[in-house]
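Protein chains: 6
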Amino acid sequence: MVTLIDYDHASARVRHVYDDIMATRKTSHVNNFWRALAHDPDTLEAVWSRMKRLMGSEADGALDPLTKELIYLAVSVSNGCEYCVRSHAAGAERKGMTAAQYAEMLAVVGLANETNRLAIGYQVPVDDSLR
Amino acid sequence: MVTLIDYDHASARVRHVYDDIMATRKTSHVNNFWRALAHDPDTLEAVWSRMKRLMGSEADGALDPLTKELIYLAVSVSNGCEYCVRSHAAGAERKGMTAAQYAEMLAVVGLANETNRLAIGYQVPVDDSLR
Amino acid sequence: MVTLIDYDHASARVRHVYDDIMATRKTSHVNNFWRALAHDPDTLEAVWSRMKRLMGSEADGALDPLTKELIYLAVSVSNGCEYCVRSHAAGAERKGMTAAQYAEMLAVVGLANETNRLAIGYQVPVDDSLR
Amino acid sequence: MVTLIDYDHASARVRHVYDDIMATRKTSHVNNFWRALAHDPDTLEAVWSRMKRLMGSEADGALDPLTKELIYLAVSVSNGCEYCVRSHAAGAERKGMTAAQYAEMLAVVGLANETNRLAIGYQVPVDDSLR
Amino acid sequence: MVTLIDYDHASARVRHVYDDIMATRKTSHVNNFWRALAHDPDTLEAVWSRMKRLMGSEADGALDPLTKELIYLAVSVSNGCEYCVRSHAAGAERKGMTAAQYAEMLAVVGLANETNRLAIGYQVPVDDSLR
Amino acid sequence: MVTLIDYDHASARVRHVYDDIMATRKTSHVNNFWRALAHDPDTLEAVWSRMKRLMGSEADGALDPLTKELIYLAVSVSNGCEYCVRSHAAGAERKGMTAAQYAEMLAVVGLANETNRLAIGYQVPVDDSLR
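Protein chains in written order, with the UniProt record's numbering: chain U, 1 to 131; chain B, 1 to 131; chain E, 1 to 131; chain Z, 1 to 131; chain D, 1 to 131; chain F, 1 to 131.
Please note: incorrect hints may appear among the correct ones.
On the chain U side, residues computed to face chain D include the following (Cβ under 8 Å) [stated by the list, open to error]:
{"#": "1", "residue": "G80"}
{"#": "2", "residue": "A99"}
{"#": "3", "residue": "A103"}
{"#": "4", "residue": "A107"}
Not everything, but these chain Z residues come out facing chain D in the computed CB check (under 10 Å) [what the hints assert, rightly or not]:
{"#": "5", "residue": "V47"}
{"#": "6", "residue": "S49"}
{"#": "7", "residue": "A62"}
{"#": "8", "residue": "C81"}
{"#": "9", "residue": "P125"}
With beta-carbon atoms standing in for the labels, derived distance ranges [as the list claims (entries may be wrong)]:
{"#": "10", "chain 1": "B", "residue 1": "D8", "chain 2": "F", "residue 2": "M22", "range": "23 to 31 Å"}
{"#": "11", "chain 1": "E", "residue 1": "E45", "chain 2": "B", "residue 2": "G96", "range": "51 to 59 Å"}
{"#": "12", "chain 1": "Z", "residue 1": "R13", "chain 2": "F", "residue 2": "P125", "range": "19 to 27 Å"}
Hints in this document: simulated from the structure, not taken from any laboratory.
Glycine included, C-beta positions come from ideal geometry on N, C-alpha and C.
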């Protein structure tokens with residue numbers, strides 16, 4: 001439905017983001033996600049800037065980069081976004097994720113989705129000790 | 001809507017689970033979630049057994065217990081389950097979660113929820129390199 | 001945020017729906033849901049008409065009325081709509097739902113929410129035999 | 001899984017709806033959605049009637065037809081319904097939607113999905129001024 | 001992304017589950033779902049055990065097996081899990097589900113999803129009579 | 001659970017954002033949402049910057065500010081975020097939203113949520129004309 005914008009057809013503003021993606025990720029390939037988002041340069045810049053700062057392999061945060069990829073994957077699986085699952089599973093593997101870690105993340109996602117609905121269905125009141 | 005089943009009014013089968021919860025968590029308080037689930041002993045046993053094995057502080061898995069709590073919290077926030085957010089935030093704090101880690105987990109959950117919809121909305125095809 | 005429209009302040013068109021609700025349900029109480037929806041008479045008429053025809057206790061369909069209430073409840077729990085859970089739980093009880101049936105419905109909702117994410121997370125391809 | 005019901009194999013009741021769809025939309029093509037829904041004539045009639053009245057290009061409502069298509073698209077993207085995104089994107093284009101409008105709608109959908117989870121995750125209490 | 005584990009390559013622990021699936025379902029085919037889940041034997045055992053006990057055609061519960069399949073399908077449709085919809089639709093057919101029952105279940109799922117959002121959007125307060 | 005950070009206790013970096021919010025919105029009140037987000041200055045800056053640029057009443061985009069508020073509300077209702085519904089309903093009212101427009105937006109949200117599930121449940125294939 002939406003065309004992907006190649007480097008050769010991109011505006012200077014979009015090329016600037018593409019250049020940063022390629023330099024940051026040490027690759028000559030810009031993923032389809034960014035090439036679709038290039039239709040909206042404001043959003044492209046804002047999302048890439050957040051992704052680089054928050055999820056980058058050299059990000060200096062309270063959580064290590066792999067843990068953040070697992071959290072990102074957990075949400076994407078829970079929301080059913082196939083593209084996001086595939087692209088971030090690849091990203092997580094580059095950061096060292098093992099098959100056993102992926103499987104255990106999925107097990108937690110499954111359990112949380114189950115217990116979320118049990119808590120809602122039983123309309124469990126919040127414990128005084130948790131307030 | 002649903003009453004909570006106290007230890008004194010619980011069947012032997014339910015008491016057995018309560019005893020294990022209290023022993024495992026070194027507490028005399030059984031959370032409301034379990035006391036509601038006690039209406040369905042089959043589910044109580046199955047969910048507690050999974051929770052203990054997968055999420056326990058001594059669980060021997062591919063991911064450390066705190067990482068799994070963060071994944072569990074990420075899903076619960078994304079699904080909007082208040083009870084689950086509150087009870088597992090308390091659990092994560094007991095396992096050492098800092099305020100900065102909680103905030104960074106939320107930032108990832110927010111970003112993933114945003115990019116999930118951008119990928120879907122642009123109907124981004126999966127890159128050949130990701131197949 | 002939204003005011004509830006009482007019978008005395010309702011237009012003739014809205015009163016006509018309220019009258020039908022009270023006659024169909026053999027009650028003098030019109031639930032808050034309908035009194036909020038009265039701000040939009042088109043939607044009030046359309047939704048009430050569907051609800052009466054599809055979910056009515058005398059509806060003549062392929063599924064019995066209680067089964068349909070359980071399906072309705074399952075979706076409402078899965079979506080986290082507290083109002084819908086409470087109002088349709090009361091409706092289901094009037095149609096004979098037992099506490100054990102409610103609990104078993106919740107167990108299925110929990111299991112489905114878990115396995116949905118496992119199937120998505122493992123990107124399970126559809127079996128040839130299921131196509 | 002579900003067969004599509006062609007005009008030639010449709011009942012008189014279903015044909016009546018198909019005729020109205022073709023006349024209203026000035027086309028000889030009845031979309032697959034309606035041809036699947038034809039398995040349930042009650043729902044076909046109810047949904048088509050709502051769609052025509054609420055979303056029709058000549059609908060006389062508080063919002064203009066294009067705004068409503070954008071709202072419809074926003075929900076469909078947020079829910080991840082590919083069929084709905086594609087069919088209503090085409091519908092919105094017929095009503096004049098530009099590529100820039102589609103992109104900006106997606107940006108809002110992304111931002112709302114992000115901030116929804118931040119509000120939930122921080123358990124932000126409603127401001128007194130908003131009550 | 002994830003490989004499927006065939007019987008011949010499965011561990012003794014996984015084979016034990018496969019054997020039980022084939023014996024319980026009287027088939028020589030183990031669905032792809034289980035063959036993917038075999039990467040995580042703990043989860044495979046826990047989910048199969050729940051599925052067998054809760055959803056089995058000979059399960060002895062408060063709800064009959066077909067009703068539970070319809071509830072399972074309703075949740076899976078609402079969540080947009082294609083694999084789950086296809087595999088459990090086949091399962092429900094084996095338990096006697098008619099096309100009319102499937103269509104009526106979908107109509108209820110559609111109505112519940114609509115009214116859930118109307119209740120949330122109008123911020124309808126819970127009736128005193130429902131507390 | 002999370003404390004709200006008042007201006008007097010905020011860092012210079014957070015105060016800078018608070019100042020911009022108050023100047024942009026011509027108010028001395030900083031909503032609770034921002035005062036919670038202040039725990040994570042990076043996210044506070046990024047989200048406020050996006051919100052201001054995309055949703056501001058003087059934003060110069062392809063869609064007018066009220067249309068974007070309606071889209072934002074539609075997503076928030078669909079996701080069940082009470083805080084977001086209340087705060088952005090107030091924002092939309094300031095931009096001129098009428099009660100009839102709010103009601104019609106909700107009607108579209110309800111219809112989209114219904115038809116999304118019908119399209120998924122019937123597994124409707126995308127029409128060739130929509131590819």
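Here's how the hints hold up against the structure:
no.	hint	result
1	G80	holds, 5 Å
2	A99	holds, 6 Å
3	A103	holds, 4 Å
4	A107	holds, 5 Å
5	V47	holds, 8 Å
6	S49	violated, 14 Å
7	A62	violated, 15 Å
8	C81	holds, 7 Å
9	P125	violated, 15 Å
10	B/D8 / F/M22: 23 to 31 Å	violated, 55 Å
11	E/E45 / B/G96: 51 to 59 Å	holds, 56 Å
12	Z/R13 / F/P125: 19 to 27 Å	holds, 24 Å
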